[in-house]
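So the chains spell out like this:
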Amino acid sequence: MKAQTARMKDKTPNTVKHFGATPLRGVPQLRKVRSGIDGLDDVTGGGLPYGRPTLVCGGAGSGKTLFAMEFLVRGATKYGENGVFMAFEETPKELAANVASLGFDLAKLEAQKRIAVDCVQIEPEEFAVTGAYNLDGLFIRLQYAIESVGARRVVLDTLESLFAGHDEVILRAELRRLFRWLKDRGMTVVITGEKGEGNFTRQGLEEYVSDCVIFLDHRVVEQNSTRRLRVVKYRGSPHGTNEYPFLIDEGGIAILPLSSVGLNHRASKERVPTGIPRLDEMFGGRGFYKGSSVLVSGTAGTGKTSLASRFVDAACERGERALLFAFEESPDQLTRNMRSVGIHIERYVKRGLLRIISARPSSHGLEMHLVNMHRAIRDFDPQIVVLDPITNLFAVGSPPEVQSMITRLIDFLKLRGTTTLCTSLTPGSSELEYLAGGVSSLFDTWLMLEVLRSGRERNRSLTIVKSRGTAHSNQSSEFRLSSRGFDLVDTYLGPTGVLTGSARLAQEAQDQASLTMHADKLERTTEARTRSGKVLRNRIAALREEFATLDADLEGSIQEETLRRDGLLVEREAMATSRQAFAGPTKKQVSRRAK
Amino acid sequence: MKTQARPKKRATKKPVEWDLCLYVAGQTPRSIAATKNLQKVCQEHLPGKFRLRVVDLLKNPKLAAGDQIIAVPILVRRLPTPLRKFIGDFSRVEPVLLGLGVQPGGKVIA
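Line by line, the protein sequences give chains A and B. So in the numbering used here, spot 66 of the first sequence is number 66, and the numbers just go up one at a time. So in the numbering used here, spot 105 of the second sequence is number 105, and the numbers just go up one at a time.
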């Protein structure tokens with residue numbers, strides 16, 4: 001039951017896609033009843049015809065009874081339409097055990113008065129016919145069951161059992177009457193029938209059911225059993241006419257979602273970091289577009305899984321949920337390997353942010369993988385999905401099949417706005433930009449990891465081959481993995497060409513040395529300048545001092561002379577005064593003239 | 001529910017040799033005819049030795065599932081064992097007699 005409730009919170013947009021011709025406008029559409037079976041309502045354009053019988057036919061073990069039962073159970077639990085299951089071939093116990101495998105608790109539904117089960121036992125040997133009769137007993141039982149739960153859906157599985165014991169003429173007349181009776185009451189009916197030679201059913205039930213016929217096929221293809229469903233006929237409604245793979249498991253029946261028909265997903269403008277800052281820069285600064293598909297290709301050992309894991313690691317760090325489908329390594333092995341490059345994703349597994357699902361592609365058919373992936377994605381609802389590597393899937397199907405599967409998966413993810421990263425192993429040691437099956441066009445961004453050989457060394461490089469919608473660097477960067485994590489380093493582009501690895505390091509060391517040398521020289525020259533400046537300034541200072549000293553001396557001399565002259569004048573004056581003769585100007589006059 | 005032909009003496013517990021149950025769906029001409037025909041056959045060939053109950057499934061729809069009835073009218077012979085069923089309106093008497101195991105006069109054959 002848990003799987004059922006989980007699937008009910010489906011995030012996929014609820015639009016029902018129509019196949020074939022688009023419905024005419026203005027013409028009253030055939031009223032349909034949603035079956036609740038995963039994917040069927042998409043194929044049929046809305047569900048089964050309301051108030052009419054639908055025939056579900058197929059070989060033994062093709063899933064007819066389970067189909068019919070799921071139609072009833074979903075009707076009761078999801079759409080509030082109760083139902084009646086009339087079984088002609090199984091006992092109540094057998095039936096309950098049978099459908100328990102789908103996770104349906106029939107006893108509980110019966111107790112809740114949502115589904116009524118009536119098992120009809122036919123024992124032909126004990127009849128003796130004594131005259132005319134009809135099958136009113138069946139009608140009465142059906143009526144009683146319908147009334148007991150207020151049913152709107154009815155399953156008859158399988159009416160062919162009646163042919164064993166009764167007169168065919170009477171029986172066929174009664175069957176006609178039965179379907180009219182059911183139609184009058186507006187019951188949506190599903191009847192099952194086993195495939196006959198040349199007919200849809202052994203007893204030709206299809207003559208009573210002219211509205212909708214669904215055929216279930218179960219075959220073994222290359223040791224893998226595959227189930228396929230086909231809507232053979234659906235009067236009054238366009239429907240997908242192809243065979244659609246489906247699968248039956250404890251979540252019920254799942255017909256593969258068919259979102260590949262429309263390319264109308266929205267394109268987000270938001271960005272998602274790659275987990276490697278330098279790589280984000282190469283994308284114009286912010287990383288991948290949200291909801292885009294990224295392909296990381298490379299030959300063996302180039303670090304694709306590591307890059308993918310780092311992407312996941314960064315996403316979980318931000319608190320987003322990620323789902324990783326590993327086709328080569330077990331979850332344990334993956335987490336252990338990633339620890340060696342400093343990525344610890346096991347802690348996110350514990351916290352429930354990351355889920356790693358490992359499966360060898362050859363373990364199931366392609367359809368089973370696809371449906372399982374769809375289920376896992378819907379149940380877990382991640383923002384990031386990683387597939388590592390998709391090339392392993394080519395072992396399971398032919399290139400067109402695998403391409404179709406990957407296309408459908410990517411379309412589904414884009415509709416949900418999930419960012420997807422797929423790794424792909426390029427064969428051999430060649431670095432051709434070729435990808436088996438031509439899947440590169442499905443991806444918006446393509447990162448290529450290559451190996452560059454120089455001398456006896458292998459160094460990794462990363463190139464962005466394309467990225468729709470973003471300007472990106474066209475330079476190859478050297479991609480280094482170490483226990484500290486990732487490093488993206490610009491490769492050295494010099495006169496000798498592209499250098500990576502130890503050659504680059506050597507060249508870088510050389511560059512560094514010459515830089516240091518220049519720096520030294522610069523320093524010395526600057527120092528010299530400073531020193532000579534100092535020296536000159538010192539000299540100037542000394543000269544100034546000399547001048548000051550000289551100046552002071554001279555000043556002293558001048559003062560002395562002035563004093564002596566003044567003294568002489570005073571003497572002369574005194575002498576003149578004593579001689580009473582005015583020989584020359586007085587001191588006062590001399591000083592006045594001097595002024 | 002109608003019962004007919006009670007044993008003559010209630011005091012002496014005479015065993016009922018034939019326990020018959022006729023299922024019909026409502027009072028249609030066919031069910032009335034069947035009831036009548038069957039009563040006639042029983043009174044003629046098994047006087048005093050049978051117990052016939054008529055069950056109208058329209059009044060007791062639950063019994064249709066419980067007793068696994070599809071075709072009507074249907075007669076179920078519970079006793080003598082083995083259990084035997086007869087469908088039809090009993091317009092043809094021979095299969096009934098054969099099936100009930102009686103010969104004219106009430107002698108048990110099978």
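Heads up, a few of these hints could be off.
[As the list claims (entries may be wrong)] In silico BS3-like links for lysine-lysine, alpha-carbon gap of 25 Å or less: (1) A:K113 <-> B:K40; (2) B:K36 <-> B:K59; (3) A:K183 <-> A:K78; (4) B:K62 <-> A:K113; (5) B:K85 <-> B:K40; (6) A:K183 <-> A:K233; (7) A:K108 <-> B:K62; (8) A:K93 <-> A:K113; (9) A:K269 <-> A:K290; (10) A:K290 <-> A:K108; (11) B:K85 <-> B:K36; (12) A:K195 <-> A:K113; (13) A:K93 <-> B:K36; (14) B:K36 <-> A:K183; (15) A:K78 <-> A:K108.
Everything labelled a hint here was simulated from the structure, so no lab data went into it.
Hints and how they fare:
no. : hint              : in the structure
1   : A:K113 <-> B:K40  : violated (44 Å)
2   : B:K36 <-> B:K59   : holds (19 Å)
3   : A:K183 <-> A:K78  : holds (23 Å)
4   : B:K62 <-> A:K113  : holds (16 Å)
5   : B:K85 <-> B:K40   : holds (18 Å)
6   : A:K183 <-> A:K233 : holds (19 Å)
7   : A:K108 <-> B:K62  : holds (21 Å)
8   : A:K93 <-> A:K113  : holds (18 Å)
9   : A:K269 <-> A:K290 : holds (7 Å)
10  : A:K290 <-> A:K108 : violated (44 Å)
11  : B:K85 <-> B:K36   : holds (18 Å)
12  : A:K195 <-> A:K113 : violated (33 Å)
13  : A:K93 <-> B:K36   : violated (40 Å)
14  : B:K36 <-> A:K183  : violated (35 Å)
15  : A:K78 <-> A:K108  : holds (15 Å)
The structure does not agree with the numbered hints 1, 10, 12, 13 and 14 stated previously, though it agrees with the rest.
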